[in-house]
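Peer 1: Residue numbers (numbering that gives the first Met the number 0), protein chains in the order written: chain A, 0 to 265; chain B, 0 to 263.
Hints are not guaranteed to be accurate.
Below 30 Å or equal to it, Euclidean Cα-Cα: the simulated DSSO-like pairs (lysine-lysine) are [as the list claims (entries may be wrong)]:
(1) B:LYS55 with A:LYS49
(2) A:LYS101 with A:LYS16
(3) A:LYS49 with A:LYS225
(4) A:LYS16 with B:LYS85
(5) B:LYS55 with A:LYS225
It should be emphasised that the hints constitute simulated quantities derived from the structure, not laboratory data.
This is what each chain is made of:
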Amino acid sequence: MLHRLGVLALLVRMFVKSQMEYRGAFWLDRVAQILSYGAVLLTIWILLNKFQLLGGWNWPELALLFSFQLLAYSLGASMSFTQLNTLEDLVRMGTLDALLTKPINTWAYLIFSGLNIGYAGHIILAIPVLVWALMAAEVQWSVGSTLFFVGSLLSATMVTGAIITMIGGTALIWVRSNHLFAIFFGFWELTRYPLNIFPTGLQVVMLTIVPLAYISTVPVAVLLGKPVPLLGDFAASVTLLAGPVLVLVAIAHWRYALSRYQGAGG
Amino acid sequence: MTAYAAFARSGFLTSLAYRNEVWANIFGKLVQVFARVAIWLAVYAGTMSVDGIGIKDMITYALLGGVVMGATRHDRIVRQVGTALKTGDVAVWLLKPVHYPLYMLAVEAGMSAYTFLLAVVPTIIIVALVYGMLPPASPFHAAMFVAFCGLSFIIHFLVAAIFGVLAFWLMTIFSLDWLLGSLVTLLSGLLVPFWFFPEPFGAIASHQPLAWLVYYPSAVWLGQLDIGMTLLYFGIGLAWAALLALALTLLWRRASSRITVQGG
Numbered sequence: 000m001l002h003r004l005g006v007l008a009l010l011v012r013m014f015v016k017s018q019m020e021y022r023g024a025f026w027l028d029r030v031a032q033i034l035s036y037g038a039v040l041l042t043i044w045i046l047l048n049k050f051q052l053l054g055g056w057n058w059p060e061l062a063l064l065f066s067f068q069l070l071a072y073s074l075g076a077s078m079s080f081t082q083l084n085t086l087e088d089l090v091r092m093g094t095l096d097a098l099l100t101k102p103i104n105t106w107a108y109l110i111f112s113g114l115n116i117g118y119a120g121h122i123i124l125a126i127p128v129l130v131w132a133l134m135a136a137e138v139q140w141s142v143g144s145t146l147f148f149v150g151s152l153l154s155a156t157m158v159t160g161a162i163i164t165m166i167g168g169t170a171l172i173w174v175r176s177n178h179l180f181a182i183f184f185g186f187w188e189l190t191r192y193p194l195n196i197f198p199t200g201l202q203v204v205m206l207t208i209v210p211l212a213y214i215s216t217v218p219v220a221v222l223l224g225k226p227v228p229l230l231g232d233f234a235a236s237v238t239l240l241a242g243p244v245l246v247l248v249a250i251a252h253w254r255y256a257l258s259r260y261q262g263a264g265g
Numbered sequence: 000m001t002a003y004a005a006f007a008r009s010g011f012l013t014s015l016a017y018r019n020e021v022w023a024n025i026f027g028k029l030v031q032v033f034a035r036v037a038i039w040l041a042v043y044a045g046t047m048s049v050d051g052i053g054i055k056d057m058i059t060y061a062l063l064g065g066v067v068m069g070a071t072r073h074d075r076i077v078r079q080v081g082t083a084l085k086t087g088d089v090a091v092w093l094l095k096p097v098h099y100p101l102y103m104l105a106v107e108a109g110m111s112a113y114t115f116l117l118a119v120v121p122t123i124i125i126v127a128l129v130y131g132m133l134p135p136a137s138p139f140h141a142a143m144f145v146a147f148c149g150l151s152f153i154i155h156f157l158v159a160a161i162f163g164v165l166a167f168w169l170m171t172i173f174s175l176d177w178l179l180g181s182l183v184t185l186l187s188g189l190l191v192p193f194w195f196f197p198e199p200f201g202a203i204a205s206h207q208p209l210a211w212l213v214y215y216p217s218a219v220w221l222g223q224l225d226i227g228m229t230l231l232y233f234g235i236g237l238a239w240a241a242l243l244a245l246a247l248t249l250l251w252r253r254a255s256s257r258i259t260v261q262g263g
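Same shape as in the complex, but just chain A:
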């Protein structure tokens, strides 16, 4: 067990080293990402500067929503997105077959040999905004709300990782699955805004089939004491459970997909 963990740590070290080989390019990429997300945050500010409220949420509350979403997404995606985004190519080229013969869990190898430290840019932007917003939005702090904040952030991270893993893993069955990421990111952009502004149909989808509401709008609404559509008083417990439950579903899905894998390349 210890030996296996040692192998995973070595894989991470090797990948980080390779990423940092071109240090200048690495940080230039991070600056570009910070500017890109900063531009989105700025447009939300421009909108709120003119209209004051969006679905009953003011500027600090929306900044909290934005930064919580960005942090949960980057933590979850660093453990899944770039690695599983390339799974489609591994299947098509037949490279995956070589991984399957390695004496290590295929998922663990894929994830840790590509642990994406590139999300540093997201985190550098998200943390200061989150700290400022938590103070400005006047959250009522108590032991309970602090535990909920930490727990819901962890759960949100798990939700992100689990959904991305399921989308990526589908490539094992369908060969192509990357087009599903376009749909994922379509919904993902909506999680920067409060759930209550969307039509009921869309709310239902985001709480069930594409459960991205749990990565931001549901936990942040609970933290701010705002009503959550459809879930009502169950919102807090559902959002804390969503992460662990989806991780279990993702594990089952990965195992199923791997059992259906027949190879596509050669």
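Once you have looked at the hints, place chain B on chain A.
Peer 2: Only chain B this time, still in chain A's reference frame:
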């Protein structure tokens, strides 16, 4: 010229082969158009008009943003030009009797035409039926909207191709792609039109080239610009397009004259 027409046709047919990808993309964008409409309904919160702009105008603006930005993808252009320069694949094109940027323009036109006709138009019709959409302010504005859409495509392509060629010096396609993404988010008017920007930023934003991507086509449809102003801003847009074309030509000439391809 026939060669470029063939490239445009091949771009169209390539999209036909990757139907799933195009449809998934459109579905993703459709969700975003729905979201933008929902955002405007939420901020207006029952008010009929803000600064003389009605809620119906803003719903139409959000839908038009989907029309003009739905088909062309700057990330695709930046990556394609950047990768060709970085990998050396561009050398093959330098040997052929075609101009590479024009070839890219033709392919992109073909791909955009496919997405526009078979995906953008139907999806916008669906959203328009759900939320209602204002017709163009007048036949003149309708005709000018079409012209502005063409100009939007050209400027979109030129800016993306310039960013792609910059990869020759900066050697990073990733950051150029994201950088352009941030500029488009803020300065094309896709999310928030410039009439809601605090001054003087609104005035500055409405005179830079990216404003012709979404803001002007949509403003013209809504009749926010009278006949004289419409023609004036079409002229300014053409001038920007000419300037960007010149910049692209110069950058391309410098890049292609200095390119050294190692390996093959």
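Peer 1: Looking at the structure, which of the earlier hints fail to hold?
Peer 2: Failing hints: none at all.
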